[in-house]
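There are 2 protein chains.
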Amino acid sequence: MQKQVEYSDAIKTKYPEQVVIVIAKDKNGKVNPVTLGWTMIVSGNPPMMAIAVAKKHYSIEAISYSRCFTICYPSSEMADETLFFGSKSGRDTDKFAECKCNAQPAEKIDSVLLSDAVANFECLLDSQAEAGDHIIFIAKIVCSHMNTEPKKRLYTTAPGHKLGTAS
Amino acid sequence: MQKQVEYSDAIKTKYPEQVVIVIAKDKNGKVNPVTLGWTMIVSGNPPMMAIAVAKKHYSIEAISYSRCFTICYPSSEMADETLFFGSKSGRDTDKFAECKCNAQPAEKIDSVLLSDAVANFECLLDSQAEAGDHIIFIAKIVCSHMNTEPKKRLYTTAPGHKLGTAS
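Those protein sequence lines, which keep their order, are chains A and B. According to our numbering, the stretch in the first sequence is residues 1 to 167, in order. According to our numbering, the stretch in the second sequence is residues 1 to 167, in order.
Hints are not guaranteed to be accurate.
Any copy will do: because identical chains look the same in the list, a pair fits if it lies in one copy or spans two.
[Unchecked claim] DSS-like cross-link-like pairs, simulated, lysine-lysine; straight-line CA separation at most 25 angstroms:
#: 1; residue 1: K140; residue 2: K3
#: 2; residue 1: K108; residue 2: K3
#: 3; residue 1: K140; residue 2: K30
#: 4; residue 1: K12; residue 2: K152
#: 5; residue 1: K14; residue 2: K162
#: 6; residue 1: K14; residue 2: K151
Hints were generated in silico from the structure; no laboratory data involved. This structure is a prediction, so every number in the text was calculated from the model and none was measured.
Turn these sequences into a full structure, and let the hints steer you where they fit.
Here's what the structure looks like:
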């Protein structure tokens, strides 16, 4: 049976929710990673994905400048860097330099891949749309990578940024 | 270590992926449900969600006509109707009439809620964007409901529309 409730209560049923790390270089060439839960595939042919980024986030500037970014699926072993990238701002921190995670250059865009991730998708910005307090970036995937070892994806499993596996 | 692979291989790492049932009435008043995996929250204030619907799907017509829809989080007990709504077209089937699932009128939009779902969100279409072979519908949530009983959300857990829980 359904009961009408506040959105803030109903949305607590969303878990587990996938987590991605999105990486774009800013105008100074600084690699700026951010952790996002709001992402989806949006096209099969061509392959495309979308992300929603809070308007106040520094990543808006970085993505708008470089017009390309990596979408990484962090593995269940990457909870520390995933939390770190989601809790600091690239406006006053070099998050990528502070966090010693393994990375390598992307193949087809000017960004980096996270070597220990489950998968990495290189994305070229196609369009964007405004949605309330966020900007939706819609991008074509131009190159895909996956880990040579089997890894489990990381999810937010409960409120308060509780991370874990989901299967 | 990352290895460059085809997108079709890399994207197999996406599971578990959330499932929603989106319901919009068509121009004849027929209740048209469709199962989607491509959805995300896109704004916190105001609360907004987005869905990506294949251009060939009948739901494009229904949503474009009524400009409102329900996003339901099906429960783990709703695998049968979730598969059914995702495997038939509303163009030549009255999916909702054929499937005896419990429903009730929405409160603030001209649509229905699924009574056994984990949660239901009533959405007013705000804007839309094109993305390859899909249309992204971006909507404001104007009313929220959740089940009075604790329920688990349904996820696609593996390729081939394998459904199950994810925690």
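Each hint, compared with the structure:
1. K140 to K3: between (40 angstroms within a copy, 19 angstroms between copies)
2. K108 to K3: between (49 angstroms within a copy, 14 angstroms between copies)
3. K140 to K30: within (23 angstroms within a copy, 35 angstroms between copies)
4. K12 to K152: Result: close both inside a copy and across copies, 23 angstroms intra and 12 angstroms inter.
5. K14 to K162: So K14 and K162 pass the 25 angstroms test inside a copy (13 angstroms) and across (19 angstroms) alike.
6. K14 to K151: Close inside one copy (23 angstroms) and across copies (11 angstroms); limit 25 angstroms.
The structure agrees with every numbered hint stated previously.
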